[in-house]
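K.L.:
Residues per chain, in single letters:
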Amino acid sequence: MIAELGHFALIMALGFACLGALGPLIGAAKGNKRLMALGSGAAYAQFTASLISFLCLTYLFYISDFSVRVVAANSHTLKPMMYKIAGVWGNHEGSLMLWVLMLSLFAAAVALRGKRLPDTFRARVLGVQCLLAVGFLLFILFTSNPFDRLIPAALEGNGLNPLLQDPGLVFHPPLLYLGYVGLSIAFSFAVAALLEGDVNPAWARWVRPWTLTAWMFLTAGIALGSWWAYYELGWGGWWFWDPVENASFMPWLVATALLHSAIVVEKRGALKSWTILLAIVAFSFSLLGTFLVRSGVITSVHAFASDPARGIFILAFLAIVVGGSLALYAWRVPRLTLGGLFGLTARESALIVNNVLLSTFAAVVLVGTLYPLMLEAYDGSQISVGPPFFNFATIMLVSPLIIALGFGPLLSWKRGHLSKAAIRLLPIFIVALMVFLGTIWATMGNQILTAFGLMLAAWLMGSVLMELAHRIKLFEHPAKALARLLNLPRAHFGMSLAHLGVGLVLLGVTVSEAWTVEKLELMQAGESTDVAGYTFIFNGVEPIVGPNFTAIRGHFDVIKAGRSVANLAPEDRVYAHPVTNTTEASIHPMWHGDLYAVIGEAAGGKRFSVRLYYKPFVSFLWLGAMLMCVGGLLSLSDRRLRLGAAS
Amino acid sequence: MNRFIPFISFAGLVILFAAMMSSERNPKELKSALIDKPIPAFSLPALIADKPIISDSDLPSDTPYIVNFFASWCVPCRAEHDSLINLKQRGIPIIGVSYKDTPQASLRFLNELGDPYMLSISDERGRTGIDFGVTGVPETFIVDANGIIRYRHWGPVVGEAALAKVFAALEKVEQ
Chain C
1 MIAELGHFAL IMALGFACLG ALGPLIGAAK GNKRLMALGS GAAYAQFTAS LISFLCLTYL
61 FYISDFSVRV VAANSHTLKP MMYKIAGVWG NHEGSLMLWV LMLSLFAAAV ALRGKRLPDT
121 FRARVLGVQC LLAVGFLLFI LFTSNPFDRL IPAALEGNGL NPLLQDPGLV FHPPLLYLGY
181 VGLSIAFSFA VAALLEGDVN PAWARWVRPW TLTAWMFLTA GIALGSWWAY YELGWGGWWF
241 WDPVENASFM PWLVATALLH SAIVVEKRGA LKSWTILLAI VAFSFSLLGT FLVRSGVITS
301 VHAFASDPAR GIFILAFLAI VVGGSLALYA WRVPRLTLGG LFGLTARESA LIVNNVLLST
361 FAAVVLVGTL YPLMLEAYDG SQISVGPPFF NFATIMLVSP LIIALGFGPL LSWKRGHLSK
421 AAIRLLPIFI VALMVFLGTI WATMGNQILT AFGLMLAAWL MGSVLMELAH RIKLFEHPAK
481 ALARLLNLPR AHFGMSLAHL GVGLVLLGVT VSEAWTVEKL ELMQAGESTD VAGYTFIFNG
541 VEPIVGPNFT AIRGHFDVIK AGRSVANLAP EDRVYAHPVT NTTEASIHPM WHGDLYAVIG
601 EAAGGKRFSV RLYYKPFVSF LWLGAMLMCV GGLLSLSDRR LRLGAAS
Chain B
1 MNRFIPFISF AGLVILFAAM MSSERNPKEL KSALIDKPIP AFSLPALIAD KPIISDSDLP
61 SDTPYIVNFF ASWCVPCRAE HDSLINLKQR GIPIIGVSYK DTPQASLRFL NELGDPYMLS
121 ISDERGRTGI DFGVTGVPET FIVDANGIIR YRHWGPVVGE AALAKVFAAL EKVEQ
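Chains C and B, in that order, give the protein sequences. First residue of the first sequence? That's 1 in the numbering used here, and the numbers climb one at a time after it. First residue of the second sequence? That's 1 in the numbering used here, and the numbers climb one at a time after it.
So the derived label-pair ranges between C-beta atoms look like this:
1) B:Met118 to C:His588: 53 to 61 Å
2) B:Ala168 to C:Ala316: 30 to 38 Å
3) C:Ser564 to B:Ile53: 54 to 62 Å
4) C:Arg607 to B:Ser9: 50 to 58 Å
5) C:Thr529 to B:Arg127: 30 to 38 Å
Partial selection, computed: residues in chain C whose CB lies under 7 Å from chain B:
6) Leu315
7) Leu326
8) Ala327
9) Ala330
Hints were generated in silico from the structure; no laboratory data involved. Only a predicted model underlies this, so the values are computations on that prediction, with no experimental measurement involved. Even glycine gets a Cβ: it sits at the ideal position worked out from N, Cα and C.
Looking at chain C on its own, in the form it has when it is part of the complex (with noise of 0.2 Å):
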């Protein structure tokens, strides 16, 4: 019963996706005040019905009932409550109702916080929203109805994949979709203005927001998903430039390019079209993920298992998108009014090199992503590109993107003078090469490439607090500078923390690329070992049983100087349905570093296979991570920055 409700109410979610899509749209092109209106209503009630129906898909879930034949695929009785609840996201067809929910969720948003937006804008952008709903419960109905019926019912599920059955998988996909789903608000507004034909400082100011939102969620998102692959995986590494990892990576690369170029236009109208390009782009890009994660082109961790009905279904849905939209782009494009014009040293040119470095490294990412596709398609070779050239593209393009990083905030709008900055960082520059200087005679010039990367993020991290100092007047009114302090804007606070986020991830990965501690041994009980000055003392493995696995828990004793630092426990799990095996690093983290375990299989009688690390710095990845999420959150509840502020 349940199940035909939420079948139900997905239905209806279309027939108000369809009310919402044509009714604002037609009204807009006719002035049509009464269908413009229809918008609002069918925002909200689209918004109930999807939620109504995700619910129920979330109670059929709960209750394990396995008639449902996503149920019966995806879950077992005995799994956790917390899992058997995520596992609603953590198959294709539920993914798809979390994408569709959220979906809805920002249009009713939009059409309660964008009140003051002029009528037929706002009717656009909720008639775009509304669209892109019709396509994707277009596609779930079709394709992939979660509500399917299984005769007879299974008695017991398949169970989820236990990689997936961990609390960072719990919020993994829904904060990444938000991002991903978040940047289609950017790309209504964006067609929204296509269509108006005008793209005013206002636009701007309505769009950032919207994507700064957007742009958190897809932070914290891949934060998450990179920090679970360090901990769950067991291989020590934090990224890995699969191809989906790199779909979630594009639309953030283009997201935060989008953010820079959107205060030009808010602050000097120039920029528009590429703006306008950059908001289609970054959903476009959002869109080709969950192509590839599903339609079975590329392979990877990710990829759900795939059906050419499916595939075919998302490409077209794709093309009309994302073809119809840049096609709009270059017809509709000519009548946006050029911007004003500015000097080559203002802050608008170093925002500039900001985007031109994002998006051609957004734009190399693509083609190393597809590039095995193309061979293949070309001449039937199979390749693989791999991190050697990724991470090559990185410290090529991001290297320049941390030195104009230095000087753009110090410059000023339309006439800023790089000399008068260039003074201001001299000290910061001075000790930026101290530091290159320090670290290559340290390490008898053996590791030039770290001691770059620590000289980049000490440039960064310095230049920021000296533009904090030189915006407080700490040097020419120190006793007043505290109350400067305070009085700044919260959007101020938030993209020095945002930038000091940068710096503290490039210092992250310097440093525990480079002086991370690795050592594989066989050990038994009572043996001993030196990982980077730590003594680990194993005291053997226990047998224990969890709800739905058996694991072996290996204890160690870590010694450092004669006093105990920690116990790590890393467990090697079998999980029964289905029969999978995970390891379970065991993880100490301090201001400094980590100290990471993972034990393997016993190798022959009582030994174990043992993997240590002391991985230096590695929190700080995170950390930064979270320290631009924070600095999002702070520039967002500045008041000139609300959601639907009036310009």
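Starting from the known structure of chain C, arrange chain B on it as the hints suggest.
P.N.:
Here is chain B on its own, set in the frame of chain C:
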């Protein structure tokens, strides 16, 4: 003109995807680097101990044959066993290589399910498997009368689609 660039590059991308999806490829299947190359040299103990060591020179000449990697611990191998018996009845010699398996266990497996192999070899340490570029068992290679590998099947030869491919490859080498 610039304003058309995004649309045109995206159109190219869609064509690429459409081409990749319409071709019948399995992205998980890797092509073997050994196609159209001679069979790698090896020298391994026989599974059935009538001849102590079997090397590549003991393989059939002047006639096509099949090399099949299997193991008693491998469930898909059990599933494909009937297909191998059918192929044997069709008259094509099959060489069985027991991969990373003890000879005793492999023999028990053949005693239980029947022996489709003209020759069976024990690759207990998996060295020859590496030379063949085997990524797992079962894997099946079709070799022509000149000892050149012409086809590689990844996974069990089970089901009509898989059998059709193998038969098509066999007909090609038999011509």
